[in-house]
Amino acid sequence: MNNTKSDRAGYLFILPWLLGLVIFTLGPMIFSLILSFSKWDVITGVESIQYVGLDNFKAIFHDPLFYQSLKVTFIFALVSVPLFQVASILIAVLLNMRSRGMKFFRLIYFMPSVIPAVATSMMWVMIFNPEYGILNEALGWFGIQGPAWLQDPNYALGALIVMGLWGIGNTIIIYLSGLQGVPEDLYEAGELDGAGIFRRFFSITLPMITPTIFFNLIMGIIGGFQYFTQAFVMTNGGPLNSTLFYNLYLYNKAFIEFDMGYASALSWILFIIILLFTLLVIRSSSFWVYYQGDDRD
Amino acid sequence: MKKKLSITLAAVLSSVLLLSACSTSGNTANSGNSSAGNSGSKEKVHLTFSTWGDVNSSSSEQKLADEFNASHPNIEVKFEPVPGDGYATKLTTSLASGTAPDVFLIGEGDFYSYVDKGVVEPLDDYVAKDTSFDLKMYQQDLIDMERINDKLYYLPKDFNPLALWYNKRIFDEAGIAYPSDEWTWDDLIATAQKLTKQEKGKYTQFGFNAGTWEYPIYTYLWAYGTDIANEEGTKAEGFMNSEKTVSAIQKYVDLSTGPNRVSPTPQDTETMGGDSSMFMTDKLAMMVTGRWIKSDLDKSNVEYGSALIPKGPDGDRASIIAAAGWAMNSKTKHKEEAFELMKWLSGTDAQKLRSKDGLVLPATTAELEEVKATEEKDKPVIEMMSYARKPVTMRSANGPIFKDAFTQALEKILVGKMDVKSALDEAAKTADSKIK
Chain A
1 MNNTKSDRAG
11 YLFILPWLLG
21 LVIFTLGPMI
31 FSLILSFSKW
41 DVITGVESIQ
51 YVGLDNFKAI
61 FHDPLFYQSL
71 KVTFIFALVS
81 VPLFQVASIL
91 IAVLLNMRSR
101 GMKFFRLIYF
111 MPSVIPAVAT
121 SMMWVMIFNP
131 EYGILNEALG
141 WFGIQGPAWL
151 QDPNYALGAL
161 IVMGLWGIGN
171 TIIIYLSGLQ
181 GVPEDLYEAG
191 ELDGAGIFRR
201 FFSITLPMIT
211 PTIFFNLIMG
221 IIGGFQYFTQ
231 AFVMTNGGPL
241 NSTLFYNLYL
251 YNKAFIEFDM
261 GYASALSWIL
271 FIIILLFTLL
281 VIRSSSFWVY
291 YQGDDRD
Chain B
1 MKKKLSITLA
11 AVLSSVLLLS
21 ACSTSGNTAN
31 SGNSSAGNSG
41 SKEKVHLTFS
51 TWGDVNSSSS
61 EQKLADEFNA
71 SHPNIEVKFE
81 PVPGDGYATK
91 LTTSLASGTA
101 PDVFLIGEGD
111 FYSYVDKGVV
121 EPLDDYVAKD
131 TSFDLKMYQQ
141 DLIDMERIND
151 KLYYLPKDFN
161 PLALWYNKRI
171 FDEAGIAYPS
181 DEWTWDDLIA
191 TAQKLTKQEK
201 GKYTQFGFNA
211 GTWEYPIYTY
221 LWAYGTDIAN
231 EEGTKAEGFM
241 NSEKTVSAIQ
251 KYVDLSTGPN
261 RVSPTPQDTE
271 TMGGDSSMFM
281 TDKLAMMVTG
291 RWIKSDLDKS
301 NVEYGSALIP
311 KGPDGDRASI
321 IAAAGWAMNS
331 KTKHKEEAFE
341 LMKWLSGTDA
351 QKLRSKDGLV
361 LPATTAELEE
371 VKATEEKDKP
381 VIEMMSYARK
391 PVTMRSANGP
401 IFKDAFTQAL
411 EKILVGKMDV
421 KSALDEAAKT
431 ADSKIK
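Residue numbers (the UniProt record's numbering), protein chains in the order written: chain A, 1 to 297; chain B, 1 to 436.
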């Protein structure tokens, strides 16, 4: 009796969230799944939705732009995910040192993550400006003629990856908290055994923060595959589709060409790709993630 | 006791959420009731209409809405402009959800596609029924544009023919005569060469803007007797990649590439803050663009003039009229009233009101004659009207296919990835393969 009553209270408490999930997440997801097997140009209303079976998927697998956008997104994810993780760990280790003014540096490294992506993108457009940008100006001091970063198809994707480093503040903060969870006595023991700074890092720090790496890796992979805002603002897929990210292509299909069925099919393919990669990381985790107090190994 | 409290709390929380979610629909229902009650026994018809553009420049539309409401006691019209560049997205989604305005504005580039989707009501029956309304009051060119597959779908709001705009200060400083009616494109290029300046290896001034916007390129191609598609808009092969197109585009691309260019590259333009601001800061001598540029130019202290777009080698001259037209939502419940509103918004009083501040040219013949008699700066612009032609996007529902293939080819040429001939050959093939 008492139990059912408290059950009911529990359900009532999660009702707002549950409604949100059903209305704003689950509902649209089911709708987009239906749409992915349909043809719909949005403008003529829901009554014009037409079931077309697998036509969208068949067309996608013959679409050169689909492959181009996959290529761009995979290159970006493949380079940026490891790069961002290594950079974040290194910076987090530095920020974890005890020294004066460390709070100030932590603030500085986190600050870019607070600024809206559109604003930082506009700033980077100026930095990358081939003639007046400070990047090429700085390269000029060393006698290097910098390229037209965002206008040259050979450099645009690389420029966006480099720019991504600017936004790793969130990841750094998570690593920092992971680092602070590493017990001090392990380092003391290591030191007594004569382990040097690198040995301590690779044999104590790194294994101890593997759960944090695990988490950040999954978030990084998801974020990498969903990359959109910066490319949308700065290059809009150009030059010559060299920065046509998957999500940008999806957006164009949905909201520029209003081919909603095709776009929905694209989004479900992306969903499956991300799911596969996430599962891969989760499956592999038993080989390299170490949980304290877990005696499985 | 505690549990009871928690249950009540949860119930209150969720009901608050639900209520707030419902409140919007509740409000509109209320307001609808109350205004119906105010108007007395007769049911008032509620209409909305929408335009793009910043709210300031549309204030004349608000004025028109107010006057309409005052003179039409049985109709209550509301003006809902969409600021920024989200107009197409907003309109499309609202059309899908059935909440679109009864009357909305469409730009000439989209005239065809909205009709193709069946969301715009044909107007011929309404015009025929209405004896007080005569289409003859409008420029014939505009009405021709707004007729698609022999049916009239739009009523003119305003229009902007493309013309050549030049910076007088740059011409005066170089001691060169202003562009004349007799100019050919070769004259323009020769003058542009004289007006391009470099300092320490960096460009400080350009003679002409040979940009990637397709409208000026179309007028240029027409002057050279060619186009990117056939007249019906069904074929690219032999047009997009014809000998004439290839040589004309080669010449055009040469203007903005290489060390001796006379036009900014897309990068230069970006670096210098866009073509119109380059023009206003005396860094660009000439450009082909629409008359809307005037409102920006008049705000700066640039000294400018307009001229006819140059002729081609065989004396051909061409322009494009950029125009905006009112369309009726084919799903509106109040079609008669919506047509009444459209007539008002494109009528003589509306044309007079909008052209009074000089921002737009009136679409009605009588009012345009008045402007012609008094305006000096606009004379060539108005004259360009008689050379206006329809770009492929206004001739066929396939238009965007040709346009996209062409712009992509141009991009490939400009970054030096392909030569003109093979890029245009490829574009023609792509376009033709996409046409059903």
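Among the hints, a few may not be true.
What the hints assert, rightly or not - Lysine-lysine pairs mimicking DSBU-like chemistry, simulated, CA-CA at most 35 Å apart:
| # | chain 1 | residue 1 | chain 2 | residue 2 |
| --- | --- | --- | --- | --- |
| 1 | A | LYS71 | B | LYS331 |
| 2 | B | LYS417 | A | LYS58 |
| 3 | A | LYS58 | B | LYS434 |
Read the hints as simulated data drawn from the structure, not as lab findings.
Hint check:
| no. | hint | in the structure |
| --- | --- | --- |
| 1 | A:LYS71 with B:LYS331 | 43 Å, violated |
| 2 | B:LYS417 with A:LYS58 | 30 Å, holds |
| 3 | A:LYS58 with B:LYS434 | 16 Å, holds |
The structure fails hint 1 only (numbered hints given earlier).
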